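Protein chains: 2
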Amino acid sequence: MMRFIRRLLIGRPLHNHEMSHEKIPKWQALATFSSDALSSVAYGPEQIMLTLAIPGLLAYGYLGPVAIAILILLAVVTVSYVQVARANPGGGGSYSVAIHNLGEFPALTAAAALFADYTLTVAVSVSAGTAAIISAFPELIPYEVHIDLVVLFFVLMLVNLRGVRDSSKIFVYPTYAFILGIFALVGFGFYNALIGNVPVIPPESLAKQQLDWSLFFVLLRAFANGCSSMTGIEAISNGVPMFKEPQIKNAAHTTYYMSGMLGVMFIGISFLIIHFHILPEENVTALSVVAENILGRGFMYYYIQFTTMLVLYLAANTAYNGLPPLLSILAKDGYMPRYLGSRGERLNFSNGIILLSVFAALLIVIFQGDTEHLISLYAIGVFLSFTIAQSGMVVHWVKEKGAWWHSRAILNGFGAVVTGIVVLIIAITKFFYGAWMVLVFIPIMIKIFKAIRSHYNDMAEQLSLSNGRFEEILALPRATNLVVVPIASPTRVVAETLRYARSLSENVIALHITTNEEEGKKTEEKWASWNPGVELVTVYSPYRLVIQPVLDFISELEIHKCNYDYITVIIPEFETKKWWHLLLHNQTGWILRTLLILKENVVVTTIPYHLRK
Amino acid sequence: MMRFIRRLLIGRPLHNHEMSHEKIPKWQALATFSSDALSSVAYGPEQIMLTLAIPGLLAYGYLGPVAIAILILLAVVTVSYVQVARANPGGGGSYSVAIHNLGEFPALTAAAALFADYTLTVAVSVSAGTAAIISAFPELIPYEVHIDLVVLFFVLMLVNLRGVRDSSKIFVYPTYAFILGIFALVGFGFYNALIGNVPVIPPESLAKQQLDWSLFFVLLRAFANGCSSMTGIEAISNGVPMFKEPQIKNAAHTTYYMSGMLGVMFIGISFLIIHFHILPEENVTALSVVAENILGRGFMYYYIQFTTMLVLYLAANTAYNGLPPLLSILAKDGYMPRYLGSRGERLNFSNGIILLSVFAALLIVIFQGDTEHLISLYAIGVFLSFTIAQSGMVVHWVKEKGAWWHSRAILNGFGAVVTGIVVLIIAITKFFYGAWMVLVFIPIMIKIFKAIRSHYNDMAEQLSLSNGRFEEILALPRATNLVVVPIASPTRVVAETLRYARSLSENVIALHITTNEEEGKKTEEKWASWNPGVELVTVYSPYRLVIQPVLDFISELEIHKCNYDYITVIIPEFETKKWWHLLLHNQTGWILRTLLILKENVVVTTIPYHLRK
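Order-wise, the sequence lines are chains F and U.
Start counting the first sequence at 5; every next residue gets the next number (the numbering used here).
Start counting the second sequence at 5; every next residue gets the next number (the numbering used here).
Heads up, some of the hints might be wrong.
One copy or two, either will do: identical chains are not told apart, so a pair holds if it fits within one copy or between any two.
Pairs of lysine-lysine, DSSO-like flavour, derived with a Cα cap of 30 Å [to be verified]: (1) Lys525 with Lys582; (2) Lys617 with Lys454; (3) Lys336 with Lys530; (4) Lys403 with Lys581; (5) Lys581 with Lys451; (6) Lys603 with Lys582; (7) Lys525 with Lys336; (8) Lys617 with Lys603; (9) Lys454 with Lys525; (10) Lys30 with Lys253; (11) Lys336 with Lys581; (12) Lys336 with Lys248; (13) Lys454 with Lys403; (14) Lys617 with Lys336.
If you're looking for bench data, these hints aren't it; they were derived computationally from the structure.
This structure is a prediction, so every number in the text was calculated from the model and none was measured.
With the hints as extra help, turn the sequences into a complete structure.
Here you go:
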């Protein structure tokens, strides 16, 4: 039954041989890798506006300069990342670059930052996607978080647990549809602006305030907010192996196309926000307000909202292609639990997929799907991993000393410095707005990585075995074993358990804990009359405890045993026909097992007794 | 460490011999058993007023008649319950009366109703106690539910887990202090009313509306609401064994005293509410408004609020003396899980105490500590159990045919009819206000009782064992046992597990699941070179599953084994030094154990391997 539902939802298991090594052409790669980056325009310009619109509108006039600063930053990061793609044709993101070139600490920092980012990508993109559709249909407002969670678990998680493989072509169309829509919007918008088909903005509100320090700080924060438009730009350099030959050239071109489009869309929407003097509205995205202003509530408006939603959900999907493989690399390096390292029955990293979904869901629930607050956490990790990747590239070029290595190192060095400054700007200006959470999370995560690695190292050491030792242990004389069977009252189960016990060892003790001295004596008399050939030890427990006296008895045996290698305690367990019957049985057995297993050389054996009804 | 905290909070375990059989004098019994009943005046009159004040004040004038109707009902119920005490000197509430006189179904109905009532008593009394103190200190309003939960878990639950024993005298003083306060309030109030020291009530609002059907319905609902004043009146008849000789006479007198005081306090407060024309106020109890009107915000006002709070928390405490013993009786009769039947280390029914606290907490959280809504659920169960107890008494007198049995049967019969009518009134008039929940809960609970009983019966049948069978099973030839050790890679743990396995049986198989054919072959070669004297079976799992191939292998063994009685699967488990290390290990082992134990004749053995760091 369970298996049928599983098959229905996730599909049949895939054979090792079915691993796909498909290559995809540029036009497809562009859509596949760029949905994260391009979809950022759905919230990036709005984030700048949100900051500047707050202090009495006086800073609103700086929206343009801030947008241009971000456009320049985009160019720097793009050029830097083309270099990353060039140097790492095997793919692999900041973590791989850092572990090969910079060492453990920067690599783990990058890994922690990426962990935070991918989770936030899912949370932000899903929330923003839902925000797009809610802007069009305000009656959905009360269900915002519910929609987020349904999309997260029943679309993203399930689709990724099935695995994407050949279906990845399906993802191409929404991305192009979105690009088309935004270009049309920007085009119409410019046309309308040119023919003056819009209300003129009151000039006083565009007046720039005198640039004092507090305003400067606001501008920096607006810049930091706007940097969220640049998230996802590294995706192509991580996916180089999927490109057709010539891989590096194709990847580089695709990166340029993507950045170019991102830049045009970003600056276009920013211009429209300024020109139409869009201000923050509750429960409606800025993009929706812009679209409604220019296009009215017609087909095109709904087309834009709908494709925006789709491309944002797709952007969330790219994180599913990012984090699980990263966790798997970390698991293989010993920094994460082993079960994140192996591929599931559909050849994907199913545990990582579930983990990512759960974490993203937590973020969405905690922040109640509020995009603005989630984005506050977002950009710092992204730019931290940018900085680490660029720094790693500098080391790479210096080590390799290939053609043009001087200029390449300088280029990446410049990228590292610029993105490093951005990290500082974000950390300072948005510290109290949520950046502190990421700054707390990253060191904790690094600590966890290291603790896991050190535990696995300790363990490998303890388990290590030279050929000699293995044979030595097995050459020891046959292990001796004392079997203890705790019994409540002599039933058929006890008889069968004793029969099993006697098949294990000649030395069997039945242990009876009684909370009532008289009943204990009666049981002893019965036992004697049955003469089952097994010694019965009765322990009176005046405090009515059952588990503690068993533990004490075993401890005493442990101290006095000397001549036994193992004590085996046999605990019967009832296997019931209905699940809720379990609530009526076995509690004592479960607790006993959990506590007994903590003792040295005590083996716990569970013998099932299947109830027929 | 855990044990130290436990000792500190709950105290040392108590010996079987320390069971208390103390008898208490009347003046002490009155306070001990009556806090629940008497404290009802803190919310009962208010409940009538809340209903009557709503429809445009026109029904308010009927507050007096409704209060008098309740007073008459109180007299009937009191006389009936004195009879219950007389007939059941061994104590025991509606459930005991019904199981002896009426049969299973009415008894279980009473048990379900009592279950609901006791839980509601705790929830209502704690909420009302907090409401009393919040009325005096409005700055506590935002913390209402928090205070409820702290009182519930850190006072009531802990005190009851410790057990009350000799400290029960402490409970006497707050009850008398409360009685004193209310009598003083009523006295001052009457005095003030007599000397006309109060604003006269506008006569138009006291005008009685013409009695049409809709008003009649409102009056019935007011009556149903007011019946909450009568909750707890059965407590004395349940506690007869604790009275000093002559037990029955003392218990009867105490019941009369209690009802008398309850009646005076109830009618007194109702009068004051009418006279001062008190109307509902948000976050302030009616009793608080009355007290403030009469006494001002002086010492006496705070005295009344504080003693009201104390006596209400004490009333909640009486449910802790009621439900856990009832659950224990039900468990002994097989209607509840066994672990609710036995006394814990402090000689009380600790599992029942925890269960009651958790359920009451759920009610408080769901209803956000809103007394009014909780009381809506309350009275129906109380009166249902009244009716069942009275009916049981009728059967009892008819069966016994002792002195005066005719009049006694008629008396209880009258009580049964009256309380039965009240049940109908409450069920109809308050159906949509919450009575439906109780009416749904009771049949579900009866179904659960019966299902548990029937499962225990089935089980006893399956386990039953004549003397012959026990010996027969043990006389069978020695059981044969095939031991299977699943191994991942040959480590020290595997060597030690194999050594243990060989001590159990001559027939040991090592089972290796490989997800990679080449690695599997390497392991086989290694194994052959070590020659450990145990057969290695390698299974290639192309779908990368590990658990399923083990299960399949065991299933195939089961089918082909024929000559083995048992298959024992030995699974090593790592016992780690730090708790979180557990998250890094054993998952496969845990799942494997859970699934293997479901198979017939498969025994699962856990051998611990203790990591040193």
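Hint check results:
1. Lys525 with Lys582: For Lys525 and Lys582, neither the intra-copy (36 Å) nor the inter-copy (43 Å) Cα distance is at most 30 Å.
2. Lys617 with Lys454: Classified as between; 15 Å across copies, 51 Å inside a copy.
3. Lys336 with Lys530: between (59 Å within a copy, 23 Å between copies)
4. Lys403 with Lys581: neither (67 Å within a copy, 43 Å between copies)
5. Lys581 with Lys451: between (46 Å within a copy, 18 Å between copies)
6. Lys603 with Lys582: between (33 Å within a copy, 15 Å between copies)
7. Lys525 with Lys336: Between copies only: 22 Å across, 59 Å inside.
8. Lys617 with Lys603: Close across copies (16 Å), not inside one copy (36 Å); limit 30 Å.
9. Lys454 with Lys525: neither (57 Å within a copy, 34 Å between copies)
10. Lys30 with Lys253: Close inside one copy (10 Å), not across copies (98 Å); limit 30 Å.
11. Lys336 with Lys581: Cα proximity of Lys336 and Lys581: across copies only (23 Å, versus 41 Å in one copy).
12. Lys336 with Lys248: within (28 Å within a copy, 75 Å between copies)
13. Lys454 with Lys403: within (27 Å within a copy, 78 Å between copies)
14. Lys617 with Lys336: between (47 Å within a copy, 21 Å between copies)
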